Amino acid sequence: MTADLILTPNMDRPDDIYADLLAAHEGLSKDDSDALNARLILILMNHIGQRSVLAQALAAARAPTGS
Amino acid sequence: MNKIFEVPLYPYTRSADQDAVTPAHHRVVIVGAGPVGLAAAIDLAQQGIEALVVDENDKVSFGSRAICFAKRTIEIADRLGCGTPLVDKGVQWNIGKVFFDDRKVYDFNLLPEDGHKRPAFINLQQYYFEDYLVKRAREIEAAGAPLELRGGNKVTAVSDRGDHVDLQIDTPEGPYTITADYIIACDGAASPIRSMMGLDFVGRVFEDNFLIADVIMEADFPTERWFWFDPPFNKGQSALLHKQPDGVWRIDLQLGWDIDKAEEKKPENVIPRLKAMLGDDVEFSLEWVSIYTFQCRRMERFRHNRVIFAGDSAHQVSPFGARGANSGLQDTDNLAWKLKLVLEGRAPEALLDSYDAERVHGADENILNSSRSTDFITPKSAISRIFRDAVLDLSEHHAFARPLVNSGRLSMPCTYDGSPLNSPDALASGPARTRPGSPCPDVALGNAFLLDGLGDRFTLLTVNAEAPDSLTEGGIDVARLALTSKDDATGALAARYLGDAPAAVYLIRPDQHVAARFPDYDEDAIRAAIRRATGQEMH
Ligand SMILES: Cc1cc2nc3c(=O)[nH]c(=O)nc-3n(C[C@H](O)[C@H](O)[C@H](O)COP(=O)(O)OP(=O)(O)OC[C@H]3O[C@@H](n4cnc5c(N)ncnc54)[C@H](O)[C@@H]3O)c2cc1C
Numbered sequence: 001m002t003a004d005l006i007l008t009p010n011m012d013r014p015d016d017i018y019a020d021l022l023a024a025h026e027g028l029s030k031d032d033s034d035a036l037n038a039r040l041i042l043i044l045m046n047h048i049g050q051r052s053v054l055a056q057a058l059a060a061a062r063a064p065t066g067s
Numbered sequence: 068m069n070k071i072f073e074v075p076l077y078p079y080t081r082s083a084d085q086d087a088v089t090p091a092h093h094r095v096v097i098v099g100a101g102p103v104g105l106a107a108a109i110d111l112a113q114q115g116i117e118a119l120v121v122d123e124n125d126k127v128s129f130g131s132r133a134i135c136f137a138k139r140t141i142e143i144a145d146r147l148g149c150g151t152p153l154v155d156k157g158v159q160w161n162i163g164k165v166f167f168d169d170r171k172v173y174d175f176n177l178l179p180e181d182g183h184k185r186p187a188f189i190n191l192q193q194y195y196f197e198d199y200l201v202k203r204a205r206e207i208e209a210a211g212a213p214l215e216l217r218g219g220n221k222v223t224a225v226s227d228r229g230d231h232v233d234l235q236i237d238t239p240e241g242p243y244t245i246t247a248d249y250i251i252a253c254d255g256a257a258s259p260i261r262s263m264m265g266l267d268f269v270g271r272v273f274e275d276n277f278l279i280a281d282v283i284m285e286a287d288f289p290t291e292r293w294f295w296f297d298p299p300f301n302k303g304q305s306a307l308l309h310k311q312p313d314g315v316w317r318i319d320l321q322l323g324w325d326i327d328k329a330e331e332k333k334p335e336n337v338i339p340r341l342k343a344m345l346g347d348d349v350e351f352s353l354e355w356v357s358i359y360t361f362q363c364r365r366m367e368r369f370r371h372n373r374v375i376f377a378g379d380s381a382h383q384v385s386p387f388g389a390r391g392a393n394s395g396l397q398d399t400d401n402l403a404w405k406l407k408l409v410l411e412g413r414a415p416e417a418l419l420d421s422y423d424a425e426r427v428h429g430a431d432e433n434i435l436n437s438s439r440s441t442d443f444i445t446p447k448s449a450i451s452r453i454f455r456d457a458v459l460d461l462s463e464h465h466a467f468a469r470p471l472v473n474s475g476r477l478s479m480p481c482t483y484d485g486s487p488l489n490s491p492d493a494l495a496s497g498p499a500r501t502r503p504g505s506p507c508p509d510v511a512l513g514n515a516f517l518l519d520g521l522g523d524r525f526t527l528l529t530v531n532a533e534a535p536d537s538l539t540e541g542g543i544d545v546a547r548l549a550l551t552s553k554d555d556a557t558g559a560l561a562a563r564y565l566g567d568a569p570a571a572v573y574l575i576r577p578d579q580h581v582a583a584r585f586p587d588y589d590e591d592a593i594r595a596a597i598r599r600a601t602g603q604e605m606h
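Taken in sequence, the protein lines are chains A and B. If you're matching positions, the first sequence starts at 1 in this note's numbering and goes up one per residue. If you're matching positions, the second sequence starts at 68 in this note's numbering and goes up one per residue.
Excised from the complex, chain B in its bound form:
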């Protein structure tokens, strides 16, 4: 049977570029067709910016990789036009259980807030995620969007020429050269482009190994996230069980530092470990088994003139908290509109530096969170283990200790506090969650949702306020979305966007982040905010 990860999705074919006398020129070349490169390509191409994706491979990624996709990622996928298949296929879950030793110490409910189109999380194999992105790419390509995917194309050299970049590409039929205005390097944690450019990737390696197994079984474990600290079947270590579509279950077993990886990976050693966990009578088969060591690190800067790094090439986190692919999608969400404005000559190149500022901030937040989770799961000293175990013991009986239990703080979108694109908050009585820099929270508006009405362009969201239907400033067109508190009977619109204010006017970026907000329509202030949000006015 052909499995999805065995089917070539974008097999190598010869391109006219390979026979060109002078190197063909492209606007944006994206290196890597992982989740991040594919999202970048769709985002740019569906907005009319030519995007060429090259990947040395031609299939979805294989092995045990991302399974938890956060609401923000699905919202971004909605903007890209492929949120629905992800949610339809994905497994939704809200309940998490925490076990310590041989007992359950507590459970929690993610209790998703009402009035959002998308669930807090879905579980979905990364290969499905990539497959849906490839399908979406094909769909917009067929509709005429300037997008091309070239498999079997391995980038072997890049040189930044100041006003363009040269790329050397190797193929089954030999090498060729192309040029590009910009490169987005989405070539993964081992980023060959980063190495070619001699750039550092520093951080922490966690001295621990995890056996990650995807098993296929008919089991009546509920659709919940189960996490064990120090369970009887894996003494002194941790374990995780999580459900994926198609009866596949993700199992993480912590193994410790001094192990023989090759030995541990052998089925005759893996199967007894899994039986000890699942019970002797559960039938299962192995889809993937790998052993991982995790690290948290990032590049010092993500933008290097015309070569821009996004996703795992720029930053890497341990998987506790599911912040890898989720944060990579936030990178391209942040980058695509900026690159578009710069390439169209509607914003200065300096706008790209705000990508660096905002996403380095995001990466630091993710690294901090996933390092803390890793430190809780793998205590680094005798005393930190004593405190960790004390927290777990107390959590069984006292609610106060539960927020301290850290088996992964699941990915939340970053608020770009302090970004050079933000204007000062002029709505002092507005809710903190929608201050400048924040990702817009969704709201149900009858049968529609707010976020579906935002994105890809600048929007002036007015709530109980008057404003012109559109305005143009510094080459940037802004369309108004006019709402009143009556549009949402539940009061969520008012709670999320007004707080104690009677009315509000929000300037919202193409990536659905708030750039500025005001108590009413103040034309001069809004024009200044548009210039600032597009890098045309720095303070």
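Isolated chain A, as found in the complex:
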């Protein structure tokens, strides 16, 4: 069974989590922020693990309006 990507609200405290993301980037140069984002994506990709879910995530990210 392949899991579906969750595209409905799923974060327990969305405002706090979003603020955490911005805080992690605070004071970083553009290059350092880009590097942090890349590390973050890789860490989350590993956590998700399944190629099929990641493929859905990549598709959703490429076409944010849905298709």
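Simulated from the structure, these hints should not be mistaken for laboratory data. Just so we're clear, the structure is a prediction, and the values are computed from it rather than from any experiment. There is no bait here: all hints are sound.
Incomplete in silico selection of chain A near chain B, CB under 8 Å:
1) 34
2) 35
3) 38
4) 39
5) 42
6) 46
Just so you know, even glycine gets a beta-carbon here, dropped at the ideal spot from N, CA and C.
Keeping the supplied structure of chain A fixed, place chain B with the ligand upon it in accordance with the hints.
Here is chain B with the ligand on its own, set in the frame of chain A:
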């Protein structure tokens, strides 16, 4: 001092063919005495098929070329009768270290699986590899095998006449003509035969240059593969250090795209680069220095009626992953037995098309792997560099990122999934690694090894199963190799060939690949599998 690459190994001598009134006929003419052509010739000739090798040159190849030879290649060399000198001379290594910037981010151990006769890899200069093949060719020639090597013979024209091929050959004493049933074109990446036939060789050129140096030094670097991303001594680029026999070290330094090759190759520019890498106090001398641009490409088809391409002439890969010569040896391993059966009239010519299907599949796998390595080593965009560097940073602290680091996925033999020669897998609970199409994994059987008992012919391998000692189907003789799980106390035989099944019967091809497997001896099914594996029955 005479170095091995300076000694003519098969100097030109006049052949009776040059004085023949009508062109002499040969069964198989192999063009090119590189590793691939030599392996093809030995394979055919030691099985009684006449093989004539012509090469415009008369020496082993010179310059920095292959150094990493994979286990599968040594196993093939064992079948050809020359695995042992390769391993005796070669340097064995298991540890790899990865550096990023000024620090080591991690190391890995290839951890070779137990129960194999041969190591995962050896490092050996290509000229030694070729030298041992030439020696083996001479040995079987002296014992009466129909093999001949002609140096100073340059093929200048080939024409496929449908039922034979005409070849024009130029020599120091002028041209002559011969005919052949088949030609194997092992004439390298620049294949003149491919050009003569107007055939395409398409793919990707990587916009990058690499300085490849073989240096002789007394250094106490360990016998490990060291790979640097973005090191202080070669900022923004990569570097590789690898040990070869005789105190020779291979160094690869990435240089980037916009460089002056002639300038970079000058010793006064090379030496400071190497000193920056090795340290000021290391004494070394240069054996070879070259600058390479790498590409990944292949021919659309490897078989063109009676002209069959093998090795670099058919496909070319970047060297990260050591898939060039290693995959070329798999080509001839695949081709020789098929050509033999066709020439002996025991299999239809269509069997040769399976060479095309299987080895194109292998080439695609190799090209995919080496393109990915090259893309990791030389990121193609700003964002791919950001991700590459993120992987390297993470790999220092987190194990999950290490499998993403790609400085070359070292050559593994191809599994011929979907080959027309395979029968459907009838051993559902068997291990995936020995499904039809797979190369047989080795197993230690007391003091002997399984692979030494397989090869050159079809074998019926039975594990805990009854079967007749031999059978013949459609002109193909099959001999049984009877084993039980007790033959290997370590359990590797059961793990590699039984999985959860209590017993198994394998039909194994002359190239040690699995053609079919069953839970027990089912005569009709096995006869059908033999016909299918020899192209006598297509579905
Ligand atoms: C820097 C570098 C590192 C490499 N590292 C590795 C590695 O670690 N492992 C690995 O497996 N591979 C490696 N390779 C690749 C490997 O060197 C090649 O894949 C291998 O040499 C191919 O063998 P071949 O027999 O197909 O062709 P070649 O070795 O190129 O031989 C072709 C032969 O054909 C002859 N010839 C050409 N035209 C004619 C003609 N018209 N008439 C008669 N003869 C002719 C030539 O004289 C030559 O002898 C590396 C390559 C490079 C450049």
